[in-house]
Amino acid sequence: MQRLVLACLLVLFSTAVRAQDVSIPVLVPLTGFLSLEGQSQRNGALLALRNPPPGITPRFEVADTGVSPEIAVNAFEKALGSRPLAVVASMLGTQMLAMMPLAAEAKVPLVTVSGTAKITEMGNPWVFRFFPGDAVVKTAQARYVIEELGKRRPAIVYQTTAYGQSGREHLDAMFRKLGAPPVFEEGIGVDVKDLLPVLAKVSASGADVLALQLHAPSTALLIRQAASMGLGIPIVAGSAIHQPSTAALLEPRELAGICAESAASPISGGSAALEAWIEEYRKEFQSEPDAYALAQYDGTMMVLREAAAGARTPEALARALSSARYEGLAMTYKSDGRGNMAHSAVILCYDGTSRVPQIVKRYDNIDGVL
Amino acid sequence: MTTLLLQLLLNALALGAAYALIALGFVLVLNATSAVNFAQGDMVMAGGYVAIALAAVLPLPGIALLPVVAVLMAALGALLSLLAYFPLIGRPPVAVFISTIALGVMLEGSANAIFGAEPRAAPALVGAGAIELAGIHLPYQRLAIVALASLLILLQHLLFAKTQLGRRLRAVAQDREMARALGIAAAPLIAGTFALGTGLAGAAGLLLANEWFVTPTEGTNYILKAYIAVTIGGWGSVPGAVVGALLVALFEVGVSSALSYSVATALLYAAVLAILFFRPQGIFGEAAQARA
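Residue numbers (the working numbering), protein chains in the order written: chain A, 1 to 370; chain B, 1 to 292.
The hints are simulated quantities; they were obtained by calculation from the structure and are not laboratory data.
Given the structure is predicted, the values throughout are model-derived calculations rather than measurements.
Listed next, with one range per pair, are the computed distances between beta-carbon atoms: (1) 315(A) with 95(B): 49 to 55 Å; (2) 165(A) with 151(B): 38 to 44 Å; (3) 151(B) with 50(A): 48 to 54 Å; (4) 134(B) with 177(A): 41 to 47 Å; (5) 256(A) with 164(B): 54 to 60 Å; (6) 253(A) with 79(B): 40 to 46 Å; (7) 130(B) with 204(A): 19 to 25 Å; (8) 105(B) with 315(A): 36 to 42 Å; (9) 165(A) with 181(B): 56 to 62 Å; (10) 174(B) with 206(A): 57 to 63 Å.
Quick reminder that beta carbons are idealized off the backbone N, C-alpha and C, glycines included.
Let the hints inform the model, and build the full structure from the sequences given.
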């Protein structure tokens, strides 16, 4: 009888252990043109998964989704084999769009930091975006240009990728809404090396400010060439330049006066908890954290917290993520009903003496969700 | 306006000079083996990273690192021939085509694993700074790129035109079997051609990686430029490769200045199609034994 009770207890105990053991695969672009941002996304997720809250033991595998939707879909289908509670999903918008129908069919939450607006505009209840979408950050970027810098003739240079075009649409619409329609717009491919032609056209257009929506290498190239030619108008960039590895490509003098929007700027410092997180990140990955890493950390940690609190099935987790409010390291997160969890942005600027930017303006609760 | 045009011309020349080194290495291997080396673009990328790695241990200007980069890359080129060409002799040209693509993918993955995905900058050839001449901003780096690439192209020309080694290399490129019949050992010369072509790619990598940065995925873009340059210049033509590369850069910068980058890209491919249709032998005519 004693043995039977012991056996029953062991079965119950092992069941309990299994219940705490949740699978959260990490499917991110580690190769291709978005690999820099993808590695930050992975690092943020890993830092959370390696330091879960008490009561939860995450299992996770990391898969590279490259840059094609097919690879992302294959990785997602493979990940379904582990019966995931949620998936940390690629920040590449086209890959998200490819995975979303499968996630809806499999009923698995996708937790991402993709900025592409469309992913939360398709009525898919399984998408949760922890990075402010273009509707938030482009609003902050345009408002800073018009309200703080007082400029009225903006030019927009954007990348011809989904990321670039999505940002351009929002910037264009916001500038028009603020009564300052763009005087010049042009898209450039990720392989374009010489940016003097577009800078010359910006200059000739009579623009009094240049807003960028470019990936990291193009942003650095443009800023360098603008400094070299003496463009003479302020540049307010997208979030790419806030990445320490991007700023490292440029001399501090080349960065003088450059501003950018971002969800956050971890290296600019902040609360004690954030400082501790930055130290942990540096120790773990021997590199400087950026806003993507911080946002994915916050998103993954919210998933883990909800799981520890009892949301042990994908359906329960999706319900929790849809209704809960979470105080993350970067900001407060809450769903707007469409999976947009982040609603704040910052504007940071470089003073020309170092590569560490200062936060000059914070825009909280831009869309009024909080 | 004139100042801007001259500024754009200098930029196009600097870019074209670096493209010319890539296309030149591509065409040398093409002539020696009749096979397309699709790893050439990734060799450019690798040259940039070799320069960055060297600069970490030898903090010298790029001009001092260049010979070391070229020699190391030449050794990598010889290795490439041993892995991706010699084992496939006698197979259809497409086998080498595929094997070099595979090697390029491996190089890209290795660069990503070793150096990370972020863009990096190699040391400047002669230091930062610029001179102003009649209102034109002339960065030292771009002037040095044009000068150095011209020198390397001239040296390569002298090697082929004036030396016994060059004559043997040309003999193997023109007719491998006849060269063998005349007692020329073809295999070491083919390996040497791979080494030379990759050395030039390495030099281009160093030149490009300072001004325009380098990422592990850069190779695809460069091989495309080389392929277009060689198609325009004449499949297998050495001067055609240089002229084709300069034309590609002038076209890119010129059309994007007048219209837009998207239009420039579309028109470049349209021009290549037109050349293939109306003058398939390219500007200088075909020199290669067969088109891959």
